[in-house]
Structures are given as structure tokens and as C-alpha cells.
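Student: If you read the protein sequences in the order shown, they are chains A and B.
The end of the first sequence is residue 126 by our numbering, with every number in the run present.
The end of the second sequence is residue 126 by our numbering, with every number in the run present.
None of these hints come from the bench; they were simulated from the model.
Fair warning: this is a prediction, and the values are worked out from it, not measured in the lab.
Keep in mind that a hint or two might mislead.
Note that the list lumps identical chains together, so a pair holds whenever it fits in one copy or between two copies.
Restricting the straight-line Cα-Cα distance to at most 30 Å, the calculated cross-link-like pairs of lysine-lysine (DSSO-like) are [said to hold, decoys possible]:
(1) K24 to K89
(2) K89 to K43
(3) K28 to K98
(4) K24 to K98
(5) K43 to K24
There are 2 protein chains.
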Amino acid sequence: MAEKIVYEVECCEEHLVHNELLRKVDGKVPDEEEIADLSDLFKVFGDATRLKILFVLFESEVCVCDLAEILNMTQSAISHQLKVLKQSKLVTNRREGKSIFYSLADSHVRSIIAQGREHIEEDVKK
Amino acid sequence: MAEKIVYEVECCEEHLVHNELLRKVDGKVPDEEEIADLSDLFKVFGDATRLKILFVLFESEVCVCDLAEILNMTQSAISHQLKVLKQSKLVTNRREGKSIFYSLADSHVRSIIAQGREHIEEDVKK
DNA sequence: CATTCATATGAACAACTATTCATATGTTTA
DNA sequence: TAAACATATGAATAGTTGTTCATATGAATG
Chain A
1 MAEKIVYEVE
11 CCEEHLVHNE
21 LLRKVDGKVP
31 DEEEIADLSD
41 LFKVFGDATR
51 LKILFVLFES
61 EVCVCDLAEI
71 LNMTQSAISH
81 QLKVLKQSKL
91 VTNRREGKSI
101 FYSLADSHVR
111 SIIAQGREHI
121 EEDVKK
Chain B
1 MAEKIVYEVE
11 CCEEHLVHNE
21 LLRKVDGKVP
31 DEEEIADLSD
41 LFKVFGDATR
51 LKILFVLFES
61 EVCVCDLAEI
71 LNMTQSAISH
81 QLKVLKQSKL
91 VTNRREGKSI
101 FYSLADSHVR
111 SIIAQGREHI
121 EEDVKK
């Protein structure tokens, strides 16, 4: 972001705290690349099918056809989504004979989802 | 999910641990409504513009036109995204004269994003 | 080694989403 | 109260994404 920050803001001239604000923000917004990586990661969590897959994997290592059965979806749809999950390194897999077993790759998965659930719970309370 | 679980799995007949697996998973995957709410929440994080807005708001309460300047985007684009952020209760706003100031609504925002960044960092290490 | 089973993959299509443009709403000030 | 300013919003469009269908790959088995 740093390269794009305009150091003299013209709008809202009344409160000229704004240049101070710019100094404060400068360097705190990650660069485009990290922002892109982050948003790509959250996009992966932003799909019902992928979330369901992750919730199943919270309980156990599971093969593709079992995932398809449990979630009542086609093997192809599950396989496509597992590919996405693997590309973002949220899951890993291992072959055992004909089957391929998937499992969680990372502890952040649990905490990210846990925080998301907490946020939603708070909405209900209020 | 509970209502959709098939209790007798036919695929991969070799390892018949599968019905045990189904018992294990049963009830652990949140229902469709919670899954939808969760994925909707993560979709909000899954956009570069909205992430940048949140990073700016980490530093300070900011009005719409300053956000537009800082992020070098049109006021309209920012306004549309602020609406999305507000609908998911990630930000709040208050009016001060002609300006409307936005700020973070929730502490989960920081921890969700922090966990996301940690996950990405790990990728770099390995 | 041909067949079967489990999974992966590419193309196609429908659904969704982010930005732009034009304009509306609401507040202040001259 | 008209003009100027800050923000919001609706419609349109281009780009993205998830599923399906058909098919390919790869391992086990008879």
C-alpha cells in the first residue's frame, strides 16, 4: 500500500486531523501481495461445501468417497473443492491403496473457524 | 446436517471403519443455517478492498472520503463495501456533521485476520 | 493385463460479486 | 432556501466461482 498513499488529503477540510491519520495508517496496511494472499485464504473459508468438509475433517481423516456420502454431494464436486483446500494448504492427503485420505494440515483452521463462530454467536445474543 | 447423513456407506468396502466414522461425525457438522452464516462471514473477509478497509480501521476511526483517498478508490466503491462490512456487523458508524465515521465493531475481526496472517506466514517458512 | 474401483480434471454453464456511472439522500452554510 | 459537500444506492457490466458431465489417471484384483 505504501506506494499508493496520498500524503495530502483534500476532502472533509473541517477536521484536519487527516494528515496525522495518514501518518498513522502508513505502513500498517499490508502490501498488495499479502492482502491478495489473505483474501484468497478467506475466500476458501467462504464456501459452504468447503466449510462442511473442514468440519468433517475436524473429527477424522476421511477419504473422498466418504466425504461425498456424508455431505450428500457428487464425488467430483468434493474433489474439486479438496483441490482448492489443498492449494491453500488447509488440508493434506495420503494414498492408501485405491483411496486417498484427507486430513487437516494446520491448527489455524480450527482457530479461524472458532473465531468466526464466536462472531456469529455474538450477533444472536444482541 | 444430521438429517442428511446416510447411515450405511457402500463405497470403499475394504475398510469398514466407515460407519463408526459416520457416528463420530454425526452432529459435529453445524446445521445448514450456521454453515451459511459462517461462509457468508468469511466471504466478507475474502475481498481485498474490504480487508484493506479493515486494516485502516485497525488504526483509527475513519470517514468514507478519507478511506477512498487512502485506498485510492472511488467513494462509491468504498461505500458499497462499507455496507457489506456493516451488514456482517464487522464495523459500525456514527455521523459527525456531513461526514460519517466508521470503526471496528468487534474484537473477533482482529483475531480472525491475525490467524489468517499466521497461516500465510507458515507457508513462507516451509 | 483387462476390469473395476477411487479419485482427478477439463470444459461448460449458471449464479454471484465488485466496480462504475448516474443519481438520490441528508447535512451544513452562505 | 439554494448551493455545496459527504455519503448512499440502484442498475449495468465484466469478471469470478461452484457444480455438473464426461472422461482421464492410477491402483488393486481376478
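Student: All hints are to be evaluated individually against the structure, with a verdict given for each.
Tutor: For each hint, the structure was consulted:
When the C-alpha separation of K24 and K89 is checked against a cutoff of 30 Å, the pair qualifies only between copies, where the shortest distance is 25 Å, while the shortest distance within a copy is 34 Å. Taking the shortest Cα distances, K89 and K43 sit within 30 Å of each other both inside one copy (13 Å) and across copies (18 Å). Taking identical chains as interchangeable, the C-alpha atoms of K28 and K98 lie at most 30 Å apart only when they sit on different chains, with a minimum of 27 Å there against 49 Å within one chain. Taking the shortest Cα distances, K24 and K98 sit within 30 Å of each other only across copies (23 Å), while inside one copy they are farther apart (56 Å).
Within a single copy, K43 and K24 get their C-alpha atoms as close as 29 Å, and across copies as close as 28 Å, so both meet the 30 Å cut-off.
Of the numbered hints listed earlier, not one is contradicted by the structure.
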